[in-house]
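K.L.:
In case you want the letters, here they are:
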Amino acid sequence: MRRGLVAAFREIDATCDAIEALKKKKYDFTVYMPTPRHEIEHAVEPPMSPVRRFTLIGGLLGVTFGYWVAVWTSEYWPLVVGGKAIASWIPYTIIGFEVMVLVGALSTVAAMFINSRIPKITATTGFDPRFTHGDYGIYVEAAPERLKEAEATLRQFGAIDVRGES
Amino acid sequence: MASFAEPLRPNIASADVQLPGVRDYEQVDDDIIATLKPTKGWFAALGVAIALFLVGAAAWIYQIYWGLGNAGYEPPVMWGVYIITFVFWVGIGHAGTLISAILFLFRAGFRTTIYRCAEAMTVFAVMTAGLFPIIHIGRPWKFFWLIPYPNWRLIWPNFKSPLVWDVFAISTYLTVSSTFLYVGLIPDIAVLRDRETNPLRKKILAILSLGWRNSEPEWRHFMKMYLFLAAFSTPLVLSVHSVVSFDFAMALTPGWHATIFPPYFVAGAIFSGIGMVFTIIIPIRKFFKLEHYVTINHLDAASKLCLFTSMVVGCAYLIEFWVAWYSGVAVEQEYFWNRVFGEWWWAAWIMLTCNMIFPLSLFSQKLRRNPTWLFILSIFINIGMWFERFVIIVPSLSHEFEPWQWGGYAPSWVDVSILIGSFGWFFMWFLLFIKQLPVVAIAEVKEIIPPKLRSHARGHGLDASGHHLPYGTETPGEHD
Numbered sequence: 000m001r002r003g004l005v006a007a008f009r010e011i012d013a014t015c016d017a018i019e020a021l022k023k024k025k026y027d028f029t030v031y032m033p034t035p036r037h038e039i040e041h042a043v044e045p046p047m048s049p050v051r052r053f054t055l056i057g058g059l060l061g062v063t064f065g066y067w068v069a070v071w072t073s074e075y076w077p078l079v080v081g082g083k084a085i086a087s088w089i090p091y092t093i094i095g096f097e098v099m100v101l102v103g104a105l106s107t108v109a110a111m112f113i114n115s116r117i118p119k120i121t122a123t124t125g126f127d128p129r130f131t132h133g134d135y136g137i138y139v140e141a142a143p144e145r146l147k148e149a150e151a152t153l154r155q156f157g158a159i160d161v162r163g164e165s
Numbered sequence: 000m001a002s003f004a005e006p007l008r009p010n011i012a013s014a015d016v017q018l019p020g021v022r023d024y025e026q027v028d029d030d031i032i033a034t035l036k037p038t039k040g041w042f043a044a045l046g047v048a049i050a051l052f053l054v055g056a057a058a059w060i061y062q063i064y065w066g067l068g069n070a071g072y073e074p075p076v077m078w079g080v081y082i083i084t085f086v087f088w089v090g091i092g093h094a095g096t097l098i099s100a101i102l103f104l105f106r107a108g109f110r111t112t113i114y115r116c117a118e119a120m121t122v123f124a125v126m127t128a129g130l131f132p133i134i135h136i137g138r139p140w141k142f143f144w145l146i147p148y149p150n151w152r153l154i155w156p157n158f159k160s161p162l163v164w165d166v167f168a169i170s171t172y173l174t175v176s177s178t179f180l181y182v183g184l185i186p187d188i189a190v191l192r193d194r195e196t197n198p199l200r201k202k203i204l205a206i207l208s209l210g211w212r213n214s215e216p217e218w219r220h221f222m223k224m225y226l227f228l229a230a231f232s233t234p235l236v237l238s239v240h241s242v243v244s245f246d247f248a249m250a251l252t253p254g255w256h257a258t259i260f261p262p263y264f265v266a267g268a269i270f271s272g273i274g275m276v277f278t279i280i281i282p283i284r285k286f287f288k289l290e291h292y293v294t295i296n297h298l299d300a301a302s303k304l305c306l307f308t309s310m311v312v313g314c315a316y317l318i319e320f321w322v323a324w325y326s327g328v329a330v331e332q333e334y335f336w337n338r339v340f341g342e343w344w345w346a347a348w349i350m351l352t353c354n355m356i357f358p359l360s361l362f363s364q365k366l367r368r369n370p371t372w373l374f375i376l377s378i379f380i381n382i383g384m385w386f387e388r389f390v391i392i393v394p395s396l397s398h399e400f401e402p403w404q405w406g407g408y409a410p411s412w413v414d415v416s417i418l419i420g421s422f423g424w425f426f427m428w429f430l431l432f433i434k435q436l437p438v439v440a441i442a443e444v445k446e447i448i449p450p451k452l453r454s455h456a457r458g459h460g461l462d463a464s465g466h467h468l469p470y471g472t473e474t475p476g477e478h479d
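The listed protein sequences correspond, in order, to chains A and B. Everything in the first sequence is counted per numbering that gives the first Met the number 0, starting at 0 for the first residue and increasing by one. Everything in the second sequence is counted per numbering that gives the first Met the number 0, starting at 0 for the first residue and increasing by one.
For reference, chain A alone in the conformation it holds in the complex:
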């Protein structure tokens, strides 16, 4: 059974050093920060966010639907004006564009929710309210026999507080 440790750090460089050390020792961990900091991102070296794929697919679906609904309804109930096309793609570009933005934007937000695993029902495990205030945090998950070493590493690099989580 795996257990966890929650560590709070006051300084960003201390947090980065602790992250590097935990990576070397192959621990699973989650980092918390009051605001996005590129220093931490460089230390964690996370994979690229897949949000962009959702944006692309959503935008393409939106523009397709926007054009389709305008063209299909025009053909279904034609408003015949001499010399004018029944379905005219130039004005329908406005509908296509607006629906592309709408569906693309909502898909982007949905992608953030899905990939960040929110909404979360329980927000307390492996978390401390200090991490939304001013402190940085690291939550380490490991087998019980490795926790002592993890705690020593966290304290060595400047954790001001380390507590256990089951």
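If you are wondering where the hints come from, they were derived from the structure by calculation, not from laboratory data. Beta carbons: idealized from backbone N, C-alpha and C, even for Gly. Hints should not be assumed to be uniformly reliable.
Claimed, not checked - When the alpha-carbon atoms are kept at most 27 angstroms apart in a straight line, the in silico BS3-like pairs for lysine-lysine are as follows:
hint : chain 1 : residue 1 : chain 2 : residue 2
1    : B       : Lys201    : B       : Lys141
2    : B       : Lys285    : B       : Lys36
3    : B       : Lys39     : A       : Lys119
4    : A       : Lys119    : B       : Lys285
5    : B       : Lys39     : B       : Lys201
6    : A       : Lys24     : A       : Lys147
To be verified - Here chain B is said to cover these stretches of chain A; the calculated rule only asks that three of the stretch's residues, wherever they fall, bring their Cβ under 8 angstroms from a Cβ of chain B:
hint : region
7    : 6-20
8    : 31-45
9    : 74-86
10   : 91-99
11   : 104-114
12   : 124-135
13   : 147-155
Guided by the hints, dock chain B onto chain A, whose structure is given.
P.N.:
Structure of chain B alone, referenced to chain A:
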């Protein structure tokens, strides 16, 4: 206040420390959360806003009961205060997304402390604007006819009509800007949740924050989402007022049928929105004691944007006259002569003075850094931009091709009451917003505060409690 004799202050873009009066992340939380406590002044302002809203609501009910004849419409002027005010509020709604999205993509530092206010303003302004076409059609219960939905009559809206484009543009804009506002608020709501002591409020904030925890994966996806939302919102901002301008430019009416309308409307919308941002942010920074967040440097930078858009709008006004002259079309020429020297000269000169001449004062650095002047100027800009739409709509419709068709226009008390009510409705929502949710973006302000480092802990710049010492007055940036 700075005088001309003093050396120039560093521009915000070159300042090493953007907010010298803010020491650390904890101070940001404490200062912004302190603004959420209701005060007597806030209750008084909310009372006034609700009273104005009720005036407008009563007038609308009266109009629904007695009919649209109670608005000041008189042939040939069948678009009046409602359409003017619709375009006015849509325009106001442009600055929010400009500041939050376009300036985000351009990495303009001065946006950080004002964008939340501008975004909320956008949502409430578009909510206000959306009411006016519904009021204008006279039978608000028929509004749904504009929306494409499957129905047993097999009838669909005409997608070649600019009014249907408007429905798509405005509803997309309202949805995307509300989403942008809400997702930007999620990390800040999490801050409020973790500081809240009232159990009921804490529960509500916990639901609204969706269990956000400031973890690295959350921030990573959040930042990517924010970038793409900004990238989508940028052309959306430009498209929405372009589409609104098509309501006019697609018609053959003199003064309307011009290809310059989309950029002219977009520039005007951004200009009016920045005017309203000043109207809102200057009292907020004073009454909420946020002068060290929304600094004079920020106002100075925003003033330059205001000056720039004013000059674009002024250029568009002058080009309209030039195009009318160069076209050789007698009706166009007559219309533009009539605009400034005819029946509606007073409205045109209010527009030209407020939008072209007064903003030139912003060439003075002293005035750009004077919040009192910026507030006064913003009121003139709001008035000038409302009259810009009046000048576009009323003189054109009252002075079309045939002299026997010419007519006049005078708003009725119902028009004026609904106009006043729209301000009450807008400010009511805004005032409710600023006491429930942070008016300055907590997480983004923290981004521009220098983080704590171990070198500080060794005695450099930290006090006994481990917090940053205040920056000295020699620190580049605002320190008034």
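K.L.:
All the hints need checking, so say for each whether the structure fits it.
P.N.:
Do the hints match the structure? See the list:
no.	hint	result
1	B/Lys201 with B/Lys141	violated, 41 angstroms
2	B/Lys285 with B/Lys36	holds, 15 angstroms
3	B/Lys39 with A/Lys119	violated, 37 angstroms
4	A/Lys119 with B/Lys285	violated, 38 angstroms
5	B/Lys39 with B/Lys201	holds, 24 angstroms
6	A/Lys24 with A/Lys147	holds, 13 angstroms
7	6-20	holds (count 5)
8	31-45	holds (count 11)
9	74-86	holds (count 3)
10	91-99	holds (count 6)
11	104-114	holds (count 8)
12	124-135	holds (count 6)
13	147-155	violated (count 0)
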